[in-house]
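Asker: Protein chains in written order, with the working numbering: chain A, 1 to 281; chain B, 282 to 592.
Where hints are given, some of them may not hold.
Unchecked claim - Below, a sample of chain B positions facing chain A; criterion: calculated Cβ distance under 7 Å: (1) TYR314; (2) ALA318; (3) LEU322; (4) ALA407; (5) ALA414; (6) ILE415; (7) PRO416; (8) THR418; (9) LEU422; (10) LEU434; (11) ALA437; (12) ILE518; (13) LEU553; (14) ALA555; (15) LEU559.
The set of hints was computed from the structure by calculation and includes no laboratory data. Glycine included, each C-beta is placed from N, C-alpha and C at the ideal position.
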Amino acid sequence: MRKSVAGRVAMIVGGILIFLWCAIPVYWGLVVSLTTPIGLSAVPPHPVPDPVTFAYYRALLSGGSGVSQTFLHGAENSILETLYATLLTVVLAIPAAYAFVRFRFRGSSVLFLLIVGTLSLPVYAVLIPLFQLMTGWGLTDTYTAIAVINSSANLPLALWLLRSHIAALPVDIEDAARIDGASRSTTVTRILLPLIAPGLATVAVIVFLSSWSAFLVPLAFAPTIKAEPLTVIVTQYASKYAVDYGLQAAAGVLAMLPPAVFVAWFNRHILSGLISGAVNA
Amino acid sequence: MATAEESERQIHKPEGTRRPQPRAGRATLPYLYVAPAFILLAVLVFYPLILSLYFSLHVDNLLLPGEHFFVGLANYAAVLHDPAFLQAAGNTVEYFFIASLGVLLLGLPMAFWFHAIRRGRGFFLALLMLPWAIPGTVTGLLWSFIYNPVSGLLNAMLRTFNLIPHYIVWLNGSASSRLFVGVSLLWQVLPLTVIIFLAGLESIPANLYEAAAVDGCTGWQAVRRITIPLLRPALAIGLVEAGVLGIGVFDQIYVLTGYAPATKSAVIQTYLYAFQNLNFGQGISAAMFVTVVTLLVSVFYLRVVYREVSY
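So that you can see chain A by itself, here it is in the shape it has in the complex (with noise of 0.2 Å):
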């Protein structure tokens, strides 16, 4: 590989430049979110909080102010949405996967092309006459509606996923399963589902991140607290005569620790789920 000392300047420049790009973003909003709203106002800013202030975690999280059961029951509301989203998808998406690699049926390679076909479409697509059958049913503003629709919004990544990950297993191990007597079902909840774990679990975090980041939706079928997640009720902090930044930027950071944490935690599960979901382009 390449030794020369231009090459090794290259490699150190191009670490520093890609380092900067992701985390100056990043780390500028957590400077805010702990700058006084002093700090805030000074010309030039400082770079480094001083003091630290943690008054705007503290409103957002104590619970006694308006502003905090806001931004609390909004959290409530991520992680509750997110959750059924993700539990939906994998559920549905296990006996469907399941299904295609183990079964020869009729249709079925239609059924196939339908279901990952809608892979390539976005989601306001759609938007509107979901909106409509949505009002229709009651259900606007309702975590059902908003787990639902980010549900089928992934579940033909997922299944394109799991399908792979079934695909993978020697299906001798489930005859012998079978041979012992082991029904279907027995199969494939005791065998086939500790076997694909792993794959499993890809898919679970690359449905929880989608979902989470979700706005478009909850955007039109959240009009209020009720089911508005943290996507949302972060862009309110714009009232219409001030901009509370140093609360802004609490929220956000908020927002964006549990998809750091997976980041930090799961990057390798990551990055193989997105590779071989791309790849089905």
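Fit chain B to the supplied structure of chain A, relying on the hints for placement.
Answerer: Chain B alone, transformed into the frame defined by chain A:
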């Protein structure tokens, strides 16, 4: 109708070459397994899609209750003649080019860097994926703190190094605002494309370079003759991702500049039609239009850039 067992026998292949074979079972079993997933998509994707087609050909406006009639392509024509939509569509074309060019000019070098790095790879890959994982509205917030004319980082840095004479309002509603909004979009788009390019780079066998080196082909020549041609599938897929995200941009713009004409995207305009003007027919027509363009762009990249490669 053939049962599952029958079709199994028909496609039976000799031992050794067999993929996981279908098992004997009741013919209805696979349908039962697929049905829940299919029903969800049928109700929430296929049915709305058909409704879209229907409504886009009808007048459907909450401000005109009771009025509901067939108008043919009038909604589409209205949208395509609406200056507001044309402006938004023009902006969106710019976002598309910013995302595509950014992915080629920044994403490709980044992928080469990740391909070459040995130490600290895990750390940098996690750092790379952070912007991808952060919700779009939060990305918009983060960049608003950078672009803020008074307390923003960009003005402070440029002023400290004396590169600008005075503070600048970056998102001022002029054409350049689109570039700054586009940068925040690119920040979110790059990670996914970089890892797609990286996966493409890593799939190129090292012995190709060794053989080429024996023949005296090294350095830039090797990149041009070996890497770029073999990278075409990854390039195509990366460009599709960038194009789809660039055309569909919504979240960041909503936060950074709201509905401002100079920066609004086509999807923002779609949202305005439906949820501000309450004109669902036009909103759906605009959405269908954007969707079709997105699909055409994807197909174009996959047909023109994608080349099946074998080693």
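Asker: Taking the numbered hints from earlier one at a time, note which ones the structure violates and give those numbers from smallest to largest.
Answerer: Result: hints 13, 15 break, sorted rising.
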